[in-house]
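Asks: Fit chain to chain and form the complex, with the hints in mind.
Chains B and G supply the protein sequences, listed in that same order. Start counting the first sequence at 0; every next residue gets the next number (numbering that gives the first Met the number 0). Start counting the second sequence at 0; every next residue gets the next number (numbering that gives the first Met the number 0).
None of these hints come from the bench; they were simulated from the model. The beta-carbon is built from N, C-alpha and C at its ideal position, and this holds for glycine as well. You may find that some hints are simply not true.
Part of the chain G face toward chain B, derived, beta carbon under 10 Å [said to hold, decoys possible]:
(1) Y3
(2) F21
(3) V75
(4) L106
(5) N112
(6) C113
(7) F116
(8) A161
(9) P171
(10) L182
Here is how the chains run, residue by residue.
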Amino acid sequence: MAARIVKEFTKGLWKEIAPFRFVLGLCSVLAVTTDVKNGLGLGCAVIFVTTMSNVLVSALRKIIPDKVRIAVFIVIIATGVVIVELTMQAYFYSLFLVLGIWIPLIVVNCLVLGRAEAFARKEGVMLSLADGVGMGLGFTISLVVVATIREILGKGTWFGLPVMWEGYPGFEFMIRPVGAFVCLGLLLGIMNVISARGRRKRK
Amino acid sequence: MEDYLMLVVSAIFINNILLIRFLGNCPFVGVSSSMSSALGMSAAVLFVNVLASLICWILQKTVLDVFGLEYLQTLVFILVIAALVQLVEIIMQKVAPPLYRALGIFLPLITTNCMIFGVAVLNIKEEYTFMQALVYAISTALGFNMALILLAGIRERMDSTARVPKLLQGVPICLITAGMMGLTFAGLLGLAK
Numbered sequence: 000m001a002a003r004i005v006k007e008f009t010k011g012l013w014k015e016i017a018p019f020r021f022v023l024g025l026c027s028v029l030a031v032t033t034d035v036k037n038g039l040g041l042g043c044a045v046i047f048v049t050t051m052s053n054v055l056v057s058a059l060r061k062i063i064p065d066k067v068r069i070a071v072f073i074v075i076i077a078t079g080v081v082i083v084e085l086t087m088q089a090y091f092y093s094l095f096l097v098l099g100i101w102i103p104l105i106v107v108n109c110l111v112l113g114r115a116e117a118f119a120r121k122e123g124v125m126l127s128l129a130d131g132v133g134m135g136l137g138f139t140i141s142l143v144v145v146a147t148i149r150e151i152l153g154k155g156t157w158f159g160l161p162v163m164w165e166g167y168p169g170f171e172f173m174i175r176p177v178g179a180f181v182c183l184g185l186l187l188g189i190m191n192v193i194s195a196r197g198r199r200k201r202k
Numbered sequence: 000m001e002d003y004l005m006l007v008v009s010a011i012f013i014n015n016i017l018l019i020r021f022l023g024n025c026p027f028v029g030v031s032s033s034m035s036s037a038l039g040m041s042a043a044v045l046f047v048n049v050l051a052s053l054i055c056w057i058l059q060k061t062v063l064d065v066f067g068l069e070y071l072q073t074l075v076f077i078l079v080i081a082a083l084v085q086l087v088e089i090i091m092q093k094v095a096p097p098l099y100r101a102l103g104i105f106l107p108l109i110t111t112n113c114m115i116f117g118v119a120v121l122n123i124k125e126e127y128t129f130m131q132a133l134v135y136a137i138s139t140a141l142g143f144n145m146a147l148i149l150l151a152g153i154r155e156r157m158d159s160t161a162r163v164p165k166l167l168q169g170v171p172i173c174l175i176t177a178g179m180m181g182l183t184f185a186g187l188l189g190l191a192k
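The shape of chain G in the complex, shown without the other chains (with noise of 0.2 Å):
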C-alpha cells in the first residue's frame, strides 16, 4: 500500500510529468490561455491517459513480449493511441452528445500530446506491474492537470492585472511562469523518489 502511495506522491508533485520531466508541453502552452479549455483538456487527458497506458501495457506483455517484437513498440504504441481517440471521439458522440461537445476539440489533439505515448513507454521502460501501471497512469494525469489548471489561473490572472513587457507577452512569459512553477515543484524533491 505504502509503495502506491509513494508512486502517486511521486508522479504528482515531485516528478510532475509537466514541469519536471517535460512531456505533454505542446497543449500545456496552448490550451492554458482560458480556464474553460484547461479544464476541457484535463478531463480528456486523464480519460484518454488511463486507457492508452492500460492497453498498450497489455499488448506488450501479452504480444510483443511473447513474440519478441519489442522493436514494434514504438509503432504499435503510437497506432493505438490514435486510434483509441478516434473510436473515443466517435463512441462519445453517439452515447454521450454532452460530454462530446464540451471535450470534442481537445480529442484530436490528444494523439500528439507526448505525454500519453511517454506514459505508456515509461510503465513499460520502469517495469510497472498492471496495478501499478494503473496507478501511475492515473496519478500523472492527475499531476498534468494541476500543473494545467494553475497555469490556466495565473495566465488568466495575469491578462486582466499585470503589465507584461510586449517582448514577453504571449509565449514567452508563459514559459517563464511555467518555470517559476517548477520551481514550487523543485522545493519538493527530496520528499520521495
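Looking at chain B on its own, in the form it has when it is part of the complex (with noise of 0.2 Å):
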C-alpha cells in the first residue's frame, strides 16, 4: 500500500507531468508565467483544488450517481476554487490583483476535473489524495520552470531579485503573449528529446 502511494504521487512529478506529458491546463501555464512568484502562487492553488477535490470526489464516489457525476465534480471543484479565491482575496491581496481573472479559471482548468473523473472516482481516498498532491505539485513544477525561463530572459530577475549582467536590456519577446507560446513549444521538444533518449538507453 505504501509503495502504492508513493508510486501515484510520483508519477505526477516527471512521469505524468501535467502540462507538458498531455495537453492539460495549457492556459494558464501560458498566462500567468511571467514572472515566477505568480507562477508559484497560481501552482500553489492549484496543488489546494487538486488535493480537495480529489480527496472529496474519492470519499464520496459510491454515493455519486453514475449521471450526473460531471455536474458533481464541478460543484466541488467550484468550491475549492471559492476557498482559494477568498483566501487570497483577505491575505494575499497583491498576488489577488495579480493573478485576477486565473483564479475563478482554475474551474475550467482541465487537470482538475480529469484526476477527478480518471483517477479519484475509481480509487481510495488515500491514493487520490497523493495522486492529486502529486499531480498539483508537479503543475507547480512546470508553471516554475516556464516562470524562470521568461522571467530571466524577459526582465533579467528571477523572483524579482536581478541575476543578470548590470544594464541587461531584457528580452522582451519572452514576456510577450507571443514568447510564452514558442517557450512552452520548445521545452515540449526537449522533453520529447529527453524521454526519447530514456527509451533508448532502456533497450
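Replies: So, in C-alpha cells, the structure goes:
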C-alpha cells in the first residue's frame, strides 16, 4: 500500500507531469508565467484545489450517481476554487490582483476535472490524496520552470532579484504572449528528446 | 456606435482571446489538426459563448448583485455553462438532427473551454452593459474562430508539405506556430485599447 502511494505521488512529478505530457491546463501555464512569483502563487492554488477535489470525490465516489457525476465534480471543484479565491483576497491581496481572472479560471482547468474523472472516482481516499498532491506539485513545477525561463530572459530577474549582468536590456519577446507559446513549444520538444533518449537506453 | 466598433476591433484583432489573452487554448491545440473539426468547433463556440455570457450577465445583475451573493459567482457561472451545454445538446438533438450530427461531439468539450467562462467573468469585471456584453461575446467568439481556422489551415498544410523535425512534431510545433501567429497580431497593438 505504502509503495503504491509513493508511486501515485511521484508519477505526477515526471512520468505524467501535467502540461508537458498531456496538454491539460495549458491556458494558465501560458498566461501567468511572466514571473516566477505569479507562477508559484497559481501553482499553490492549484495544489490545494486538486487535492481537495480528489479527496472529496474519492470519499463520495460510492454515493455520487454515475449519470450526473460531472456536474457533482464541478460543484466540488468550484467550492474549492471559491475557498482559494476568498483566502487569497484576504491574505495575499497583491497576488490576488495580479492573478485576477486566472483564479476563478482554475474551475475550468482540465487538469483538475481530469484527475477527478480519471483517478479519484475509482480509487481510495489515500491514493487520491497522493495523486492530487503529486499532480498539483507537478503542475507547479512546470509553471515555475516556464516562468523561470521567461522571467530571466525577459526581465533579467528571478523572483524579482536581478540575476543577469548590470544593464541587461531584457528580451521583451519572452514576456510577451508570443514568447509564452514559443517557450512552451520548445520545452515540449526538449522533453521529447529526453524521453526518447531514456527509452533508447532502456533497450 | 464608435465605442461598439472599437470593442469589436479590439476583441477580434488586438486582444485576440486566444493568442493574446490565452483563453481557450486546450481546444485550440486539440481540434486544430483538421479543418472540418475546426469549423464545427467554431460554430459551437459562437453559439454557446453568446448564450452563456448573456445568461450569466442577467443572473449576475438580477440575482447575485441584488442579494449580495457576489462570492458565488464562480459556482453559479460554471453551473449555468454546464447546464446550458447539456440543454443545447438535448434541444439540438430533437429539433435539428443534422446540426446535432455536425456539432454534437464538440458540445461536451465546450464545458471545459475556459474561454466561455472567461468571457462571462470578463463581462462582469469590465462592467459592460447588456448591449456591450452581447457585442463583446460575439466578437470574442469571432476572434477565437478566426485564430482556430487559420491555425487549422496552417497545420493541414504543414502536415502535407513541410518536414517538421521529429522532436517537434505534434503539439510543440503547433504551439510555436500559434506563437508566430500571435506575433502578427501583436503588430496591430496600438490601433485601439
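Asks: Hint by hint, which ones does the structure fall short of?
Replies: 1, 4 and 8
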